[in-house]
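Visitor: We have chain A already, so just place chains B and D on it with the hints.
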Amino acid sequence: MKKGVAITGMGIVSAIGNSVEENLEALLTSKSGLGISKHIQTHHKNAIKVGEVTFTNTEIAKKLNLPKDNNYTRTALLGCLAAKEAILNARIESISEYKTGFISATTVGGMDMTENYWKQFATNPEVQKFIPSHHAGDSTEKIATFIGITDYVTTISTACSSAANAIMLGARLIKAGKLDRVVVGGTDALSKFTINGFKSLMILSESNCTPFDANRSGLNLGEAAAYLVLESDEVVAAQNKSVLAYVSGYGNANDAFHQTASSKTGDGAYLAMKKSLEIAGLQPSDVDYVNAHGTATQNNDLSESVALQRIFNEKSPSFSSTKAFTGHTLAAAGAVEAVFSVLALHENSIFANLGFKMAMPETGLVPVTQLQKIELKHVLSNSFGFGGNCSSLIFSEA
Amino acid sequence: MDALKQELKENIIEQLNLEEFTVEDIDNDDALFGDGLGLDSIDALELIVMLDKDYGIKLTDPEKSKEIFQSINVLAAYITEHRTK
Amino acid sequence: MKTCYIHSVVSISAQNSFSENDTISEIQEHSGSKIPAVHPTYRDFIPLSQLRRMSPAVKMGVAASKKALEKANINKPYAIITGSGLGCIADTETFLNTLIENEEQFLTPTAFIQSTHNTVAGQIALGLKCKGYNTTYAHGSVSFESALVDAQLQVEAGEANNILVGGVDELGTEFVDYVHIVEQKQKQPIQVPLSEGATFCVLSSERKEGIVAVLKAVEIQSKTAPENIVTEMHDFLKRNKVDSSEIDAIILGNNGDAFDAYYQHIEKLFPKTDFLQYKKYVGEFFTTSAFAFWMGAQLIEGKTLPKQFFSRKAESKSYKTVLLYNQFKGSQHSFVLLTRC
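Chains as they are written, first to last, in numbering that gives the first Met the number 0: chain A, 0 to 397; chain B, 0 to 84; chain D, 0 to 340.
Here chain A stands alone, though its shape is the one from the complex (with noise of 0.2 Å):
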């Protein structure tokens, strides 16, 4: 078994909480976010559940002293709040110090803006500052503008596997010597474009969603943003830092069946997995806790289910998915499920997968459904998105 990269801070802003230890406590008593958006003026806002940060953008603007006519969009505040958070846990005084990247993960970028003012976009002055906040890009530099960091910033795009990514490239870096220090992870805010393009997908639910439940119903959306720090073993033996756990493994793959459906077979989902484990030099069996991608929709629950059978053998691991306390947070998912997975380390503890009643026919595979306290070591975290992108994690105790 190799170690793998240490991580020394994280930081969170999900439905179920707008810090690291919020986020913690509703994990612990089960406590789901979902529920009736407040914030999005949506046809479908009674229709259907979402996973909403309670924080309006004006509170949010105070807390991080913005001037008034600042054009950050949700995607950037949400994320300066998670990274500021994750820096102070990281205990870092000076960005500066050491070779410092960033790198954040988004789908939509500043589409909660540009859906509001899209039609006076070419009328009125008073809106055009969200022109240039729109792409991607954008949100990620405020956010690395916010921390201090001016060095290694880039943003990956990968749809519902983006954070994971964003993960692995920062250990990659990290590994190859190529930074000392690295705050990885995403942002998403909530966005009319996300909520109709789901529902014209038809895998919108509108109950609280149900992940590997073989009457699943579709997938709750849900705004969050969540980060970690990253820092090589000289930094950390340097510091003296405590390590809060490792990256220890990482797989990225690609299913190419389908745009946006997953293969019955779980191919890519199964070859993510494999290579996290290759990296992490261990066995199927040494994982002892799956934190599933689970999004609820019938194709992934049972794609994921296939791929996790084939990798385990049959005897699959402990395996949960957190998406029905967060709702599917899009390109947030991998890092704050990595979050969620370093917690579960932490606390040795397996989250519940709310919602289950029943196992699917076609695999008979149960979730954890309560809070389970058991001695955890590796934990191994799915992320998988439209365009065929499959990534995996794994962490591991320090």
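Bear in mind the hints are in silico, worked out from the structure with no lab data behind them.
Possibly wrong hints are sitting among the right ones.
Unchecked claim - Pairs of lysine-lysine residues, derived as PhoX-like cross-links and limited to a Cα-Cα distance of at most 20 Å, are as follows:
#1 K128(A) <-> K186(D)
#2 K177(A) <-> K222(D)
#3 K1(A) <-> K274(A)
#4 K65(B) <-> K4(B)
#5 K263(A) <-> K4(B)
#6 K306(D) <-> K316(D)
#7 K376(A) <-> K273(A)
#8 K128(D) <-> K273(A)
#9 K240(D) <-> K177(A)
#10 K177(A) <-> K1(D)
#11 K306(D) <-> K215(D)
#12 K328(D) <-> K128(A)
#13 K274(A) <-> K319(D)
#14 K316(D) <-> K271(D)
#15 K237(D) <-> K98(A)
#16 K2(A) <-> K273(A)
#17 K328(D) <-> K186(D)
#18 K174(A) <-> K279(D)
#19 K128(D) <-> K263(A)
#20 K174(A) <-> K2(A)
#21 K177(A) <-> K33(D)
#22 K274(A) <-> K128(D)
#23 K177(A) <-> K215(D)
#24 K63(B) <-> K52(B)
#25 K52(B) <-> K263(A)
#26 K83(A) <-> K62(A)
#27 K128(A) <-> K75(D)
#28 K118(A) <-> K174(A)
#29 K1(A) <-> K263(A)
#30 K98(A) <-> K222(D)
#31 K98(A) <-> K174(A)
#32 K118(A) <-> K128(A)
What the hints assert, rightly or not - Pairwise CB distance ranges (calculated):
#33 N16(B) <-> A236(A): 28 to 38 Å
#34 N74(D) <-> K177(A): 28 to 38 Å
#35 Q14(B) <-> E226(D): 39 to 49 Å
#36 A76(B) <-> A213(A): 31 to 41 Å
#37 E226(D) <-> D68(A): 39 to 49 Å
Beta carbons: idealized from backbone N, C-alpha and C, even for Gly.
Guide: Just chains B and D now, kept in the frame of chain A:
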């Protein structure tokens, strides 16, 4: 019924961007999915919206829609029976 | 550490760069605020049944990737890595407009699922049945360079052989005009048209016949002051053990706006080196710097570039080392170093 079939063919070609097909290429009994026209699951979702928008027919289960979208004949018969506009 | 060879580079741009012999024989002058790419006949590259849903970005990406792989004599790459600043903006516009105009009713999913940044890389993987590493960078003007950094890391570490890397952005129909409106309000706005294009290459650790060039180094940096850019460049060269006297040509991303000051600092330093610019002819967009990568490869391969690209040129010279530098609005700086193998 024949007018409806003609209309369906025109709409399908236009909606689904089937540039290589003309109305004459589509036989009333041709399979729309798989080997025939080669439509896929995304096209099925497009057709579900078309039924809702043009004929006031609401389908909620994409799986069941496959039976209705077998061919132009089957589709036209279903629309005739269930249309609300 | 393994060497990162460039096995092929092709480019679809507002110039006829995607020609039969992959060179530009004659410069087309452009006017206006936006110019489309010279689009090839996509039916020659993509089956009609697949073409029907593809936006220009996907078409450009798939066609360019096919040609890049063909030239490198590769059927299936180990990995596919793309960069796209705005992603599939045309389908984003389509879905957004339908959403607003239909008041969230009667929405079909096609434009939505094709609107993501990773559509191009996903469609290429799907077409090739390529199940390897696949990722997409969407970070403004370093989207393509971020993809290069990732690919080079894998090639040099021996993790992967044969990686398909590309940068692609499409013009779209509406957002580009909004960008133009904002730009025109600047004190010194961008002086070149907005445009689109796709540049794809195959990077490999394998040394074989017909190698185009070596990707010696690529680095990105988010922020730096204009007066520090020279130091940054020297540090970059030093880290990669290249003396500034070895550089035969520098390709700069001047677009006529106030931030051209960065380029002027560098120009002053090299009184004898050839300088090239390109945005006047292929436009500005988030992955336009990938076109400079194509130009650099052309120089090293000994192909002739139209004289209009040269802002300073010495007599008949061979190019062994070419430096690329680009930035956007004082951010997203990138240095790329290409050498002869």
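Visitor: Hint by hint, say whether it matches the structure.
Guide: Now for the hints, and whether the structure bears them out:
1. Between K128(A) and K186(D), the direct Cα distance comes to roughly 16 Å. Compliance with the 20 Å bound is thereby established for this hinted pair.
2. For a cut-off of 20 Å, the pair hint linking K177(A) to K222(D) stands: about 18 Å separates their Cα positions.
3. A C-alpha spacing of about 14 Å is found between K1(A) and K274(A), which places the hinted pair at or below 20 Å, so the restraint holds.
4. A C-alpha spacing of about 18 Å is found between K65(B) and K4(B), which places the hinted pair at or below 20 Å, so the restraint holds.
5. Of the pairs offered as hints, the one joining K263(A) and K4(B) is violated, with about 35 Å between alpha carbons and a cut-off of 20 Å exceeded.
6. At roughly 13 Å between alpha-carbon atoms, K306(D) and K316(D) fall within 20 Å of each other, so this suggested pair holds.
7. At most 20 Å may separate the alpha-carbon atoms for a hinted pair to count; K376(A) and K273(A) meet this at roughly 18 Å.
8. About 18 Å separates the Cα atoms of K128(D) and K273(A), which keeps this hinted pair within 20 Å; it holds.
9. Our distance criterion of 20 Å between C-alpha atoms is met by K240(D) and K177(A), whose separation comes to about 16 Å.
10. Straight-line distance between C-alpha atoms of K177(A) and K1(D) comes to about 16 Å, which keeps the hinted pair within the 20 Å bound.
11. Distance check on the hinted pair: K306(D) and K215(D) sit about 26 Å apart at the alpha-carbon level, beyond 20 Å; violated.
12. Of the supplied pair hints, the one linking K328(D) and K128(A) holds, its CA atoms being roughly 15 Å apart against a limit of 20 Å.
13. With a CA separation close to 39 Å, the supplied pair K274(A) and K319(D) exceeds the 20 Å bound.
14. Among the hinted pairs, K316(D) with K271(D) is consistent with the structure: their alpha-carbon atoms are about 12 Å apart, no more than 20 Å.
15. For the hint linking K237(D) to K98(A), the alpha-carbon distance of about 17 Å falls within 20 Å, and the restraint holds.
16. Between K2(A) and K273(A), the direct Cα distance comes to roughly 18 Å. Compliance with the 20 Å bound is thereby established for this hinted pair.
17. Of the pairs offered as hints, the one joining K328(D) and K186(D) holds, with about 13 Å between alpha carbons and a cut-off of 20 Å not exceeded.
18. Our distance criterion of 20 Å between C-alpha atoms is broken by K174(A) and K279(D), whose separation comes to about 40 Å.
19. With a C-alpha separation of about 15 Å, the suggested pairing of K128(D) with K263(A) holds against the 20 Å cut-off.
20. Between K174(A) and K2(A) the CA atoms are separated by roughly 11 Å; this keeps the pair inside 20 Å, and the hint holds.
21. For the suggested pair K177(A) and K33(D), the alpha carbons sit about 38 Å apart, so the restraint of at most 20 Å is broken.
22. As the CA atoms of K274(A) and K128(D) are separated by approximately 18 Å, the hinted pair is consistent with the 20 Å bound.
23. As the CA atoms of K177(A) and K215(D) are separated by approximately 15 Å, the hinted pair is consistent with the 20 Å bound.
24. Restraint check for K63(B) and K52(B): the C-alpha separation of about 18 Å stays at or below 20 Å, so the hint holds.
25. Restraint check for K52(B) and K263(A): the C-alpha separation of about 32 Å exceeds 20 Å, so the hint is violated.
26. With a CA separation close to 11 Å, the supplied pair K83(A) and K62(A) stays within the 20 Å bound.
27. Straight-line distance between C-alpha atoms of K128(A) and K75(D) comes to about 43 Å, which puts the hinted pair past the 20 Å bound.
28. Taken as a hint, the K118(A) and K174(A) pair is broken in the structure, with Cα atoms around 47 Å apart against an allowance of 20 Å.
29. The straight-line distance between the Cα atoms of K1(A) and K263(A) is roughly 32 Å, outside the 20 Å bound, and the hint therefore fails.
30. Distance restraint check for K98(A) and K222(D): the Cα-Cα separation of roughly 13 Å lies within the 20 Å cut-off, and the hinted pair is therefore satisfied.
31. Simply put, K98(A) and K174(A) have alpha-carbon atoms about 13 Å apart, close enough for the 20 Å limit, and the pair holds.
32. Under the criterion of a C-alpha separation no larger than 20 Å, the hint pairing K118(A) with K128(A) is consistent with the structure, at around 14 Å.
33. Taking the beta carbon of each, N16(B) and A236(A) are about 59 Å apart, not inside 28 to 38 Å as hinted.
34. Our hint of 28 to 38 Å for N74(D) and K177(A) holds, since their Cβ atoms are close to 31 Å apart.
35. Between Q14(B) and E226(D) the beta carbon distance is about 57 Å. The supplied range of 39 to 49 Å is therefore violated.
36. At roughly 33 Å, the beta carbons of A76(B) and A213(A) sit within the given window of 31 to 41 Å.
37. For E226(D) and D68(A), the hinted distance range of 39 to 49 Å is not satisfied, since their beta carbons lie about 29 Å from each other.
Figure legend: structure checked against the earlier numbered hints; hints not met, in rising order: 5, 11, 13, 18, 21, 25, 27, 28, 29, 33, 35, 37.
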